[in-house]
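First to last, the sequence lines map onto chains Y and H.
Count the first sequence with my numbering and you get residues 1 to 251, in order.
Count the second sequence with my numbering and you get residues 1 to 288, in order.
Any given hint might turn out to be false.
[What the hints assert, rightly or not] With the C-beta cut set under 7 Å, the calculated list includes, among others, these residues of chain H facing chain Y:
1) 80
2) 84
3) 98
4) 139
5) 161
6) 165
7) 166
8) 180
9) 192
10) 200
11) 235
12) 237
Just so you know, these hints were derived from the structure itself, not from any lab.
Cβ atoms here follow ideal geometry from the backbone N, Cα and C, with glycine treated the same way.
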Amino acid sequence: MRTVAAPVEAEWVRVEPADVRGITVNGIPATLEHVQKADVRVDLADEGERAFVVEHVLGPLGLCGVTGARVVGTATAWDFARPEHRICYSRGDGPDRVVGHPAGLPNPEIAAGIAEVGVVTDGPVRRRTVTETVQVSHAAGELTLKPRARGQGLRFDVQLRGQRLGVEVDPAGETAASVVDAVSNSRTPYLTDSPHEGVVHSIADLVSDIAILGGLEDLVVTGELGEAYHAQTIGAAKAAHERGLVTDAHE
Amino acid sequence: MSVPPPKAVLEAAAETSGGPTGPAVLNVLVAGQASLEPTLIERADGYHGPGAGVLGRLHAAQSAVDERTSVSLHYPEPQFAAAGRWLVVAPTACTLATVARGRGALTLKTEAVGGGADTRLLAHRERLEAVLDRARPRHEHYPVRDDDRGVFCRGLTTFRLRRVQVAQEGGTIVLGVLTTPTTRAREVEGRFESIDGIREARFRREAPLTRAEPDPEYRTAGERALSTVTGDWEYEWLPRPSVFAQIPSTRKLAIGAGSPDETAFGEDAVRTCRDLITALIGALEGSG
């Protein structure tokens, strides 16, 4: 288990150390079972509570190799241009239920904060992959998960809006700083006209959905991402589990 | 599934509107009014013409309510004094609503302009263009100016030109304003006061923003119904004041299929709307 060495304060979220493996967002476990919505954003839900736009925190945590943490929303001001804030106001909830970054970024202050406080490792680091290729078809395109040897990390070779990108990410925290910086400072495809910025951002979403929520650390991911692509990424991770193809990665 | 003729739907509503009363009753109010016009017709695939959505939602509500003794259907005239919870069946595009934006008017007085008629006309036109430019939505991060579907703008204070009057001694520009919980009169006025040629800006609230407070059991029933029918629940604000705001009780929700200004309401939409209402009534009965 790898957690932050000290609390990290970022724009409208706080990341606190955890004693056990697993990330929670406003108390809701970041697991596939708790995914309530996966299309243009990912929401988690548990017993009537909901955390909105969690990929903006899970992505940077995964890029920095964090596998255990408590994420708490800290927003106190409303921005009603955000549909999620309107949902919270409608339910009588506060804006702290929304943990997504206001500018649509994989929160860059999380990565910066973790670089400052450091990460501590406790016990063996889990590495999981798939036993065979998982191919998931979607209206927007196909996504393929292929097995990879233990410790090799995640390789993404994806295309979005005609822009292709190949990136290596190590869920144990050895991802190149330049990659973390570029991904953390790229806006969501829904807020940028730049196909390049959009596909760079998608790497954080892939890490969030496949590595953190899907619990897969050694894998090759290829395919074409469409609009509302969290349906594809969460769908692929779910398919791997539902088909019984998830296993510990071996060297 | 085929839909009955408009006349049959409206006649049935006239006969059954009202119904049981009491604190435990769910009052189902169908928003809007459909009238028997030659242009409002039923086809094999649903209703077409002005009022198609209202008629489709009314038929959906009638099918869902049927002869239940725990539900009272209100159409076209709601009995606002009725006790119990309220469900407004409205074009919410399969979202729940507890909030309706408010409405106001911003009156801008412009300075008199000297010179000939052409000069005055040109000056007034330039001021109007400046006002309309200042009225366009703005946001630090989101592409609100291209937001045709209101994804972002639904939550902003928005303006629409209501009236322009030009006279020898100056002019008046009136903007209709849709408000949010963060709309402040001074901010609305201040946004336009600095425009060259504007001598006065006055904002007046016409209808307050409405925020209902359905009890947790009712809210949960709404979320459960939406999840049953669509797979998830979401909330969205009603775009402007409506009959939802007129209901004096705060124990109210709005739900429904379709979008405002639609001129067709297919049988799929009728079925979805009926299923939403049925599921909500069922969830309430199950929780009771």
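A quick look at each hint next to the structure:
no. : hint : result
1   : 80   : violated, 22 Å
2   : 84   : violated, 21 Å
3   : 98   : holds, 5 Å
4   : 139  : holds, 5 Å
5   : 161  : violated, 22 Å
6   : 165  : violated, 32 Å
7   : 166  : violated, 34 Å
8   : 180  : holds, 5 Å
9   : 192  : violated, 20 Å
10  : 200  : violated, 28 Å
11  : 235  : holds, 4 Å
12  : 237  : holds, 6 Å
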